[in-house]
Structure formats: C-alpha cells, structure tokens
Amino acid sequence: MTEPSVRLEAVTKAFGDLVAVRELDLDIPQGEFFTLLGPSGCGKTTTLRLVAGFEQPTGGRVLIEGSDVAGMPPHRRPTNTVFQSYALFPHLNVRENVAYGLRRKKVGGDEIKRRVEAELERVGMAADINRRPNQLSGGMQQRVALARALVNLPKVLLLDEPLGALDLKLRKGLQLELKRIQREVGITFVYVTHDQEEALTMSDRIAVMNQGRVEQIDAPAQVYERPATTFVAGFIGVSNLMPGQVTRASSGRGQVRLDSGVEFETATDGIGSGERCHAVVRPEKLEITPVDSSQGASATGDPSSARIRPGPTGSEAGRAQDGRPTIDGVVEASVYLGTATQIVVVLPGDVRMTVLVPNADEAERARLPGGGAPVRLSWAPEHIHVVRESAGAPAPDAGDRAPVAETSK
Amino acid sequence: MSRAWRAVRERALNVYAALAIAYLLLPIAVIAVFSFNDPEGKFNFTWQGFTLEHWTNAFSLPPLNDAFFLSLELAAASTLVATILGTLIAMALVRYQFFGRRPANFLIVVPMATPEVVIGAALLSMFLIYGLELGFATLFIAHVMFSISFVVVVVRSRLIGFDRALEEAARDLGATPLTTFRTVTLPLLTPAVLGASLLAFALSIDDFVISNFNAGESVTFPLFIYGAAQRGIPVEAYSIATILFLVTVVAMAFTVWQQRRAQQMASIRPEQEDEPYAGTPAMPPAPGAAGG
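Top to bottom, those sequences are chains A and B.
One point on numbering: in our numbering, the residue at position 334 of the first sequence is 334, and numbering is uninterrupted.
Going from the second sequence to our numbering is simple: count from 1 and add 1000.
Take these hints with a grain of salt, some might be off.
[What the hints assert, rightly or not] From the structure, some residues in chain A lie toward chain B, with a derived Cβ separation under 7 Å: (1) 91; (2) 93; (3) 104; (4) 105; (5) 108.
[Claimed, not checked] Chain B stretches covered by chain A per the calculated footprint, using a threshold of three residues with CB under 8 Å from any CB of chain A: (6) 1163-1175; (7) 1184-1197.
Think of the hints as simulated: they come from the structure by calculation, not from any bench.
Glycine residues also receive a C-beta, built at the ideal position from the N, C-alpha and C atoms.
Generate the whole structure from the sequences, applying the supplied hints.
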C-alpha cells in the first residue's frame, strides 16, 4: 500500500468561535491500529467525525485511500463507525441490525445471511442472532455494534470510545479481543479514547491530542518512555516533572541544569541551549533511599521548606558515589496499592515526584520510609530525559497521582 | 382494632382507586345500561324494561346514521391531516434552529389553553370575513386546527428523547437521509404518532362547542344528540355511543401497548450491565388519556 488509509492535511474544524481541531496533520497507513488519545474536549471525537463525514472541516483536506472526501456525505464514505452508545437499532433484532448496511448496498439475500452469520460468529454472538438489543447486556451490544460495522468490510473502522461504558473487567477482555479481531481482518482501525492504558494496550501508534492539536505521535512504548511534551508526560502516566534549563546543547545531547541545582547530561531532543524544559523520570524508574537525618543532609520535616542541600562535601552536589544523579526530599505520603507502594516525595521548589516501589516482599515494604521522612531519589542516567513545555496547556493536575494501572477515568 | 385498622390501611389505595374509576365510568355505564332500555315515551331517562331491539336496529334511524358517519368521516380526515402536519411541525421544532423557533414552541400550545367557545367564535368570524360557506370544509379546518397542538406536544416529547446517534448510525451504514427516515426515524416514532393520532381522533369525534359554531347545515354526532335532547334522544344513539366507547377503549389499549414497547426499546442503556432482561417499565401515561 502506497497510499495511506487516512490522511489529514492541515485539517481545522471550528464551531463558531470554538476551534475543536487546529491544523491537524495525520497519516495512518493501511492496517494500522491507530489511537487518538486525549482528555475530553481535546478534539479527538471531532477528528473521528470529520473522517466519518458527520462534520465537514472548516479548513484543510481529509483523504481516504488517496481521494479527497470533501463534501462526501457519511453514507457514501468507505468508513464505518462503532459509536460510544452503540446506537443499535432498538426496533430490529441482532440479525437485522448487522444486515442493515448490506441491505443498503443491495447485497443478495443469501450472501447477507452468510456474511451476517459469519460476522456474528467472529464476535461470539451467533447464539443471540434473533434477540433484540434491549435483551442484551452492554458487552454483548458492543459486540453486535462491532459486527454491524465490520460486516460491511469498511476501508477504515472508526471507534468512538467503544468500551467507555463497560466495567473494568469486561473492558480488559474486550480490549484484547478487539486487537485480535483487528489483526484478523486487517482493516485500519482509528480508535478514540481518553483511557491511556487502553491506548497503550491496543495501539500500533498513538496520537496524543490536547486542545485540538497533536502533541505527539508515536508507538506506545515511545509515548510512555519518551514523551515529547509536559502534557504527554502528564497524561500518559504520572507527571514526574522537574523544571530546569538546557545549559549547553550540541548535536542532540546537552547539559541540563534543574532548578534544584542538579546537573546532568542527556539527549536534548532538539531543545536549544538556554531554553526552559522539564526533566521526566517515570515513577518505577526512581530509586528511593532513606537519608540518615543525623548526617543533616536535607530533613527539615517540613516539606514546604525543604531545600536542596549540597552533598556532605559540597562539591559532590546531586551526585551519588556511583555517579548517579540524586536529589533529596521529604516523603509527603505513602499509599499501599496492592502490587506496589506509591510514595509521593516533595522536592525543593514544591516539586512533587511519585515513586513506585514493587511490593516484592513484606520485610522490604516495612523498611520503606513513611510520611515526613527525609529521602534521596536517584535514577539511572538513561531514564531521565527532557521535554518541552506544552503550547498553551498546563500539565495535568498533580492531583491525578495514581499509578498507570489505576488511571482509567 | 389495630388489625382492622391495618387491613383498612393496606387496602386504602385499592379502595380509593376503585372509587375514582367508578366516578369516571359511572356515567358511561348509565349510557350502556340504558341502551338496553325499552322506554314507553320519547324520553329514555327511567328504566322500563330490557330489550335488545335498539342494538339489533342500532343503525335504523337515517338522521342519526348520517350524523354518526359524518362525524367518523370528519374525524378520520382531520386526524390524518393533523397527524401529518403535527408530526412535521414537531420535527421542525425539535430538530432545526430557525428564527422564531422559541415563540413557535410556546404558541403551539396556546390553542390547548384557549377556551373552546373563544376558538369557536373566533373561527366563525374568520370564516364569515373570508366568505367561506359553513359546512364540512369549515368543520374540517376547525378540527385540524385544534387537534394539531395535541399531536405536536405528543410527538415532540418523543423526539426530544430520540437518540440522534441512531440516525447517524444509519447514515454511517450507507442509508440516504430519506432511507434513514423511513427505516429508523419513522419506525421509532410510530408509537408516539399513533398515540397522537388517536388523541386527535378522540378530540374530533366528541367535539361539540367549536363544531356548533362552524357546522352550518352539517350535523355531527354530538350536534345531533344535542338537538335531539329536547325532543327525546333515540335509544339507538345510546347503542352507537356505547359502540364508539368500546372502539375507543380497544384503540387506547393498543396505544398503551405500543407505548410500552417503545419504552422497552428505549430502555437500552449501556449501563444495564447486570440486567439484560430489565423488567417491564412502569406503564407510561397513555397520550390519549387526556382526550375524549
């Protein structure tokens, strides 16, 4: 396939004064599981509706398999949609719901019967073919909605938060199944969700959207490990951000000096010398060690007045014996989460960092520092990197401090 | 004492309901009973003896038949037109933004609140000003006019709760706007439209006040009965009235059943995870219950 399945060229959609999508460029290759991820109001659903034809862009072009679909109504587009509310026809049974699209295309009766039954078989709903939607549970309705769209063999399948209304356990099961079905049929999926974990689980690539713009498009691991902006860092996982400045940059690498005084060398990803930036370390990559307060390293007991102190000899500021960068702070809270313990540490300058310590064994957990304890955070140099400030948008509220597995609002 | 009191309290609602129903149905029961009466003179006001004569010969009085069939014709025609126009008006009011939508939404209910005498007199003077000859045509215009508001109100309430995603789903699956209306919108609106038309029919067939102003030489069923009241209402009128009542009850039951189905269909909600077979929802108020 040379032509991308879906291509958006500088697409803008404004509703009056409200700009929902700004100058959006996307290229989605054939057969990809592509996810639009972002908080509500970021423009992801509008983007989907622009591809489906329910909205017309106020600027730019939408191309499906290379042809401009401007002005083409939804019923002529080679796309099908799975709606958030499922939108199954309540007056038709499962068979007729799934057959609806084929009937509009004047497909022959025998073929309709065969394809409808095969599709319901695929989604595991063959036994319920004669039931009405109101006799089905939410998860079952979801499967029928999927079959109703897929049976038409669309060039692109659009899914608008299809699992949003289901409970967590059912959602997990359907995530894997959706992924399996997508591989099986090889159709391009464009999936809209605000659930970062769902996006990480299922997608080939993720576009993180914020205020009508794409902040980053990358594979799930890249988006998580190397977020491009403070917004992405905060939306995917926990925003462990330390403000600072690039002091020296050349050929991709440079020196970063955090506001707390810690300096380290890292890849600068195009951030120039003298520019403000934030350093990100994922919570599971941080190492936490108690500081003996008799050494007077940092503990004042009061998080708000915590100050970075030079190490014992001053010249070793922010550097442990093994050369790993370190920073001292005070534990604000420690929360038991089952598989891990989450510790929030307040650093100088009122910066909050979350540390995730696996609950491997009971004795080790008992030794973890509690509230008010002075601690030292350290990390491997390859686990820190710098991101630029998101345009216009503040990083998500630090109140959302929960480990990845739990953040699924 | 306390046991007796509890028994009363437990049955209080039943007793109250029975009394209310009796209060509503007693006058109709009198009509039904007196259709089997065999009165001596012209007046059918006292029980004299049982006979089936007025049922077997219910349609033996030409002036009564003429009035009855004129009323049926008028009700059928005005219901058809009022239902179509009212449904379209409701769609316009709910679905489209246009100049004057909000006043229109309010004004549409004004005829329901206006005293019938005022409407009747106003229509009469309007017909006289425009020089229309009073008769079936003026009755038809008047009946469509006062029925439309009720149709709009009933259909509008259903449209407001209509999930537009269903229509988008149809478009998405390849249906043109017209096919979408035919295969999705209309079937889902049908219970409301049926209920509305039944209401319009009931309003038309028993209207007296407005018809009295605008009938000219035409005599509808209610007008005939009113005119006959002074000379003595023929017992056959009681029989026909009872037939009419029974037909209405059947139609009403059908509407209620339709409404229930609509409610059940509408009760598809993704949240209903644990209850795939949600129980029958509470019976909705029949839209026709206000009329007649």
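Report task. Sort out which numbered hints this structure fails and list those numbers smallest first. Result -> 2 and 5
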